[in-house]
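Read top to bottom, the protein sequences are chains A and B.
Using my numbering, you'd call the opening residue of the first sequence number 1 and step up by one each time.
Using my numbering, you'd call the opening residue of the second sequence number 1 and step up by one each time.
Do not take every clue at face value.
Pairs count within a copy or across copies, as identical chains cannot be separated in the list.
Claimed, not checked - Derived EDC-like pairs (lysine to aspartate or glutamate); straight-line CA-CA distance at most 20 Å: (1) Lys34 x Glu233; (2) Lys42 x Asp151; (3) Lys42 x Glu150; (4) Lys135 x Glu98; (5) Lys305 x Glu17; (6) Lys13 x Asp195; (7) Lys138 x Glu311; (8) Lys305 x Asp187; (9) Lys13 x Asp262; (10) Lys278 x Asp162; (11) Lys13 x Asp163; (12) Lys34 x Asp245; (13) Lys286 x Asp162; (14) Lys244 x Glu193; (15) Lys161 x Asp110; (16) Lys42 x Asp283; (17) Lys26 x Glu118; (18) Lys138 x Glu98.
Keep in mind that the hints were calculated from the coordinates and are not lab data.
There are 2 protein chains.
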Amino acid sequence: MHTITLNHGLGGKQMHEFIKNSIMTKLQNGILEKMDDSAILKNLKTNRLALTTDSYVVSPLIFPGGDIGRLCVCGTVNDLTTSGAKPHALTLSFIIEEGMDLSVLDTIIDSIAQTAQEAQIQIVTGDTKVVEKGKGDKLFINTSGIGFIEDHVDISTYHTKDDDDILITGPIGNHEIAMMKARNLIDFDLTIESDVRPLNLPIENLLKQKVLLHSIKDPTRGGLASALYEIVEHSQVEITLFEKDIPIDNVVKSVCALVGFDPLYLANEGKFIITCPKKSSQDVIKAFGGVAQIIGKAKKSNHPKLLMQTESGGIRKIGMLETMQLPRIC
Amino acid sequence: MHTITLNHGLGGKQMHEFIKNSIMTKLQNGILEKMDDSAILKNLKTNRLALTTDSYVVSPLIFPGGDIGRLCVCGTVNDLTTSGAKPHALTLSFIIEEGMDLSVLDTIIDSIAQTAQEAQIQIVTGDTKVVEKGKGDKLFINTSGIGFIEDHVDISTYHTKDDDDILITGPIGNHEIAMMKARNLIDFDLTIESDVRPLNLPIENLLKQKVLLHSIKDPTRGGLASALYEIVEHSQVEITLFEKDIPIDNVVKSVCALVGFDPLYLANEGKFIITCPKKSSQDVIKAFGGVAQIIGKAKKSNHPKLLMQTESGGIRKIGMLETMQLPRIC
Chain A
1 MHTITLNHGL GGKQMHEFIK NSIMTKLQNG ILEKMDDSAI LKNLKTNRLA LTTDSYVVSP
61 LIFPGGDIGR LCVCGTVNDL TTSGAKPHAL TLSFIIEEGM DLSVLDTIID SIAQTAQEAQ
121 IQIVTGDTKV VEKGKGDKLF INTSGIGFIE DHVDISTYHT KDDDDILITG PIGNHEIAMM
181 KARNLIDFDL TIESDVRPLN LPIENLLKQK VLLHSIKDPT RGGLASALYE IVEHSQVEIT
241 LFEKDIPIDN VVKSVCALVG FDPLYLANEG KFIITCPKKS SQDVIKAFGG VAQIIGKAKK
301 SNHPKLLMQT ESGGIRKIGM LETMQLPRIC
Chain B
1 MHTITLNHGL GGKQMHEFIK NSIMTKLQNG ILEKMDDSAI LKNLKTNRLA LTTDSYVVSP
61 LIFPGGDIGR LCVCGTVNDL TTSGAKPHAL TLSFIIEEGM DLSVLDTIID SIAQTAQEAQ
121 IQIVTGDTKV VEKGKGDKLF INTSGIGFIE DHVDISTYHT KDDDDILITG PIGNHEIAMM
181 KARNLIDFDL TIESDVRPLN LPIENLLKQK VLLHSIKDPT RGGLASALYE IVEHSQVEIT
241 LFEKDIPIDN VVKSVCALVG FDPLYLANEG KFIITCPKKS SQDVIKAFGG VAQIIGKAKK
301 SNHPKLLMQT ESGGIRKIGM LETMQLPRIC
């Protein structure tokens, strides 16, 4: 087994060869190849730019439906997209634990390359650090990204308005339940995959068609409830969710029922909350292949809060995630 | 002692309170305060942008002359500056090990705020992840950054030209020797500090005065030799260093003599290699308060290489760093 050694992180010959042979060949593009300390991007077309960063510490590194490589590209592409930006370029920074199996790293870099292609984005600069055995957890990745915002676009968690529809682009909870299964934290015999994927292209299409969207938010850590809570606070609205309309796959429902998790707080990947005027909702549903659903309604309010109209007809108040359901899922 | 728990990294209430109280209050600015997933930067003034990323895994976190917070701001500001960009905004991403002392984290965030102020740059977006005890090393930080390049500026490690002067902006090796001392890897009784500092303002002044610079490179990991080697390869030049002119503090010289390290491979912070036409050299020296020095000469060559004219008058060839002198110094 070939493994990473401390020499791979020293800025010398071995590091340069490793980066050239194991990384550059897979992520090849004219900017990255320069291997300068900064990537230079030319001919910027707009005058508003989105900048985002995320570190990925998921364990295990490879899980049903994805891996840390797919996760880091999708996470950063999706974060840029939530601001209405068209993702333009990503950075890629590895913190590798000494002794890591090079073939696993190779698989992950392949996945990064494939996902970047799927999202139509380039990785333009990077960094590699190696820490001693026992001082890391095989691999942490940071991806930061920039995107450009067209002049007519104005999307923000501060922009949800009175009478807006609240949509989710697909069923919730799959990613976290898949991760729980992968970590052996639940031992039922079930088949579930993470649904991590880049969501920039459907949003770009909607914006190209001038479909009016107010807020986009990815309900990752903290789940649907915590993400909606941010929109509630930022936009000063009251949001009422319709419990019967929230899409949850049966396998996720069963696990939640059995172990007592609330699916509203389960982390998601590859899903967006979108708020928009009623007239936009059908276009959003179509853009996401018909699996998006209207799950609630916003109302201007002096007492912003998140409410749930339950299947039985009652109304209950929903808060932010208070304590742990499960760590290390993104 | 207050410590970080896994709950601090979950995207819920405790994480939001921690970020608001411990981070936002210190790094306050209008963009960061929005706490959206992407920062939006408006009114971009140029059409060339530099993008860079670096993860910092230094141990110990606090060392004579600096700390990981000062290091991460300076490192990314300086990387942007090497491309001729005026640093515009930074991202800040923490990977914190469960159990980390909150007061140490607090000191580091203070240092980030102070260094950002010194470099006149804003931190506009961030991320916080917490990993289980034993899966990290107290704190890793990633900073990514963007900067804008004025139209008249054209600096790159590919642009060193025939007859250029090679300058270094101060004595080499101090950072790595200070780190070795801090890690108890050398036990002589000596006083030495890291010289980590942001170098963007003197370069901005030179560029404002239209002083022509060809390449800027920060000789961090791999040291002066590895950094020059990159310029040699990228620009296809032969560089000859004048051993007698390379500034090295006595304390660094003594340690190197005693333990057999070559100062050319010691990591530096707060130092730039600058290559420029002769007519620019005196302006560079003045911009760095007189401590910069001409240490070599470039010559166009079909056989690019790095040479040293020794104090005794001989010529020897210098390669890249092959193996480890010391890990975890940046």
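Tested hints:
1. Lys34 x Glu233: between (44 Å within a copy, 11 Å between copies)
2. Lys42 x Asp151: Classified as both; 19 Å inside a copy, 11 Å across copies.
3. Lys42 x Glu150: both (17 Å within a copy, 12 Å between copies)
4. Lys135 x Glu98: both (9 Å within a copy, 13 Å between copies)
5. Lys305 x Glu17: Between copies only: 18 Å across, 55 Å inside.
6. Lys13 x Asp195: neither (39 Å within a copy, 26 Å between copies)
7. Lys138 x Glu311: neither (45 Å within a copy, 46 Å between copies)
8. Lys305 x Asp187: neither (36 Å within a copy, 60 Å between copies)
9. Lys13 x Asp262: Answer is between: at 16 Å across copies they meet the 20 Å cutoff, but 51 Å inside does not.
10. Lys278 x Asp162: For Lys278 and Asp162, only the intra-copy Cα distance (11 Å) is at most 20 Å; the inter-copy one is 65 Å.
11. Lys13 x Asp163: neither (61 Å within a copy, 27 Å between copies)
12. Lys34 x Asp245: neither (50 Å within a copy, 30 Å between copies)
13. Lys286 x Asp162: So Lys286 and Asp162 fail the 20 Å test inside a copy (23 Å) and across (60 Å) alike.
14. Lys244 x Glu193: neither (23 Å within a copy, 63 Å between copies)
15. Lys161 x Asp110: For Lys161 and Asp110, the Cα distance exceeds 20 Å both inside one copy (42 Å) and across copies (38 Å).
16. Lys42 x Asp283: neither (34 Å within a copy, 29 Å between copies)
17. Lys26 x Glu118: within (14 Å within a copy, 39 Å between copies)
18. Lys138 x Glu98: Close inside one copy (8 Å) and across copies (17 Å); limit 20 Å.
Consistency with the previously given hints fails for numbers 6, 7, 8, 11, 12, 13, 14, 15 and 16, ordered from lowest to highest.
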